[in-house]
Amino acid sequence: MKRYDLIVIGGGPAGQKAAVQAAKAGRRVALIEQLKEVGGACVHQGTIPSKALRERALERRRVAERLQALGIDNPAPIGDVGSLIGEMTEVIRNHDVYMAAQMKRNAIEVVHGRASFLSSTALRVRSIDGREAEYCAEHFVIATGSKPRHPPNVPIDHESIYDSDSILSLAYLPASLVVLGGGVIASEYASIFAVLGVDVTMIDRAATPLGFLEPEMVQGFLTAFARHGGRFIGEAVVERVEFDGVSRVLTHLGDGRVVDSEKLLCALGRISQLDGLHVERAGITVNERQLVEVNAFGQTSVPHIYAAGDVIGPPSLASAAMEQGRRAACHLLGIDPGHRGEWIPSGIYSVPEIASVGLTTAQTRERFGGVVVGIAKFNEIARGHIARCPDGVLKMVASPDGVVRGIHIIGDNATDLVHIGQMGLIHAVSAETYVENVFNFPTFAECYRVAALHVTGQLSVARSRRASL
Amino acid sequence: MPGVAAEVIASSIDDQADAIRLAQLIQTDQGLASHVLRIVNSPALRAAMEIVALRQAIARLGMNRIREIAIAASLSNALFASATYADEANRAWQLALGASLWSKEIARVCRKNTEIAYLCGLLHNVGAPVVLNAIGAASPVRLSPRDVAGLLAEFEVRAGALLAEEWRLPSAVAATIRYVDDFRGASEHVDVVAVVRCAVRFARSMLDGELNANALSGFDAIDHLNLYPEDVAALIGAGESIRTAMQAMSA
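Read top to bottom, the protein sequences are chains R and C.
Quick note on the numbering used here: the first sequence kicks off at 1 and runs consecutively.
Quick note on the numbering used here: the second sequence kicks off at 1001 and runs consecutively.
It is possible that some hints are incorrect.
[Said to hold, decoys possible] DEER-style ranges, computed between Cβ atoms:
id, chain 1, residue 1, chain 2, residue 2, range
1, C, ALA1134, R, GLY269, 51 to 57 Å
2, C, ALA1137, R, GLU59, 47 to 53 Å
3, C, SER1171, R, HIS278, 39 to 45 Å
4, C, ARG1184, R, SER319, 33 to 39 Å
5, C, ALA1213, R, ARG257, 43 to 49 Å
6, R, GLU280, C, LEU1151, 58 to 64 Å
FYI, nobody ran anything at the bench for these hints, they're computed from the structure.
Beta carbons are placed, not taken as given, at the ideal position from N, Cα and C, and that holds for glycine.
Take the sequences, apply the hints, and build the full model.
Okay, structure coming up:
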């Protein structure tokens, strides 16, 4: 039986960071990964491929728009998804090479196989050729990620009816696509395929997609989606989905409507990936949502076994998973992981991009008894015109004392731009700070100043009113 | 092929059951599938993008148009008929059909494109009927099974590759025909060629009545596709439904 200080199960963002952290502290670490390469769904099915596809789709759309602007009536077709995916494969390969080198550099033993617990201190790994080996360790980190949820009324066959892990196996762009769901994954793919010229219909139980976002962000998404030919059907119950046996997918709704499409993507959430791991043999129980519960340090109910990433549930962000993995490793090593960041930004790689950090308007009002909102539109910023993306909005949410509590952005570069707001939240800066400091010109960051001016202007009026009373 | 032609002609697009049957027919007959792809990608019909899958062709052109194409293709097609070597042709077709169905199942497990895999499985040995037909046309005397096997071994891939080039079959099909016995040699579509290689092994094992884990263990394409023993066992478990589907398609 091989012995290690730490065994990490799963080579996604959480697992990698946990393994690297422990290895850098001089511990003997093994990382067990069932795929041939480390990276997990983040690299091979989700985060990176979909973002790469998005970038390629936008590049091609820009080329087509420029050609049209030059009077070329019939620009080249936007391209088949096979070639787009071919380009993505290169991105993934580069990432694989980078990560493999990182594992090697840190002397982490990567074991290719499927793990299952034998007890709380040992597990068995079955390799692809069927051979089995046993491993034991002082500590474990479970970072096995998640998999798409398959509702019983949606017969996913990965041929006409796809899930979010198989949608990128498409060999050609369908003429039409139904996307079930209104969450992040559904919205990202729906908007990307719409940009690629596919006739996309999103169907969801909720009244709007991305309902957890500020209304301006949701409206901005829906407006852009509609401009690209997309349609959203809200408050809809999907009774059943069926393939007609020839070439069409029929989505039957509760109100009797039938939506006909060439393909369907079911993006109705993800569930933890614990297949075959037998966590119960280690004494770990999962909750009713099949998630592994952990404390603030990432410890499960068995203290020397930690869990991180999607397997413990929301926020299900690669960025958060990395930090969870790192902190879990720090705790088991007895290393101070540092202050736990309260403000985790979220990024939605739809078209347009959406990003958010901190409190919403409603949360700020509830927590501070009032709220002041500043809005900056990209069409008020020189950079917005230069970059030909005037449709973006930055929303600054401040409490009545002028301290900024939340930043919400829709538009180009939103997922990068949000980090300025994140730093501001960490240091509890006021809107005035954004006004009093100089930003590069022309940049999208100017939006912070414009929104802050909007906030400080309202605060000034309010102060004047109070003074005059 | 006359039977296929008759069935295509008799089918009515107004009847959903016929439409389903016709779609299935196009997707299970090597000659018909090749012809449909050739015609839909011909300069006269070619859309903005290449048609790379049969279901895509049906969705793009509609069943009425596909039926017309299928009728024309099946009536004009004598390429795949080999009266002299009917048994050999039937064996090749059984292997193609089995490989197509297994390719789809394996692709599903690996989250590869099932339509492309299916098509590549169906056409991976399309050179075999071409060679058989050529032998039959060249010599009135029936060659020994050993000689036929030798000629197939020598010319099947070359004939298939020529056909793929001449008819401008999708690049994944062309790669599969050329590299199904050496998937790592393919400069593109390596995964789909590996899927078909794997599927051919499954199909052969099934046709030989030896579909079990031992017959498949250690196979290079299984390793390439990262199929664990339990995945292979699950696939073997699908054998009965594939056998049933083959029987239905062969009826």
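Hint check, failures only
none
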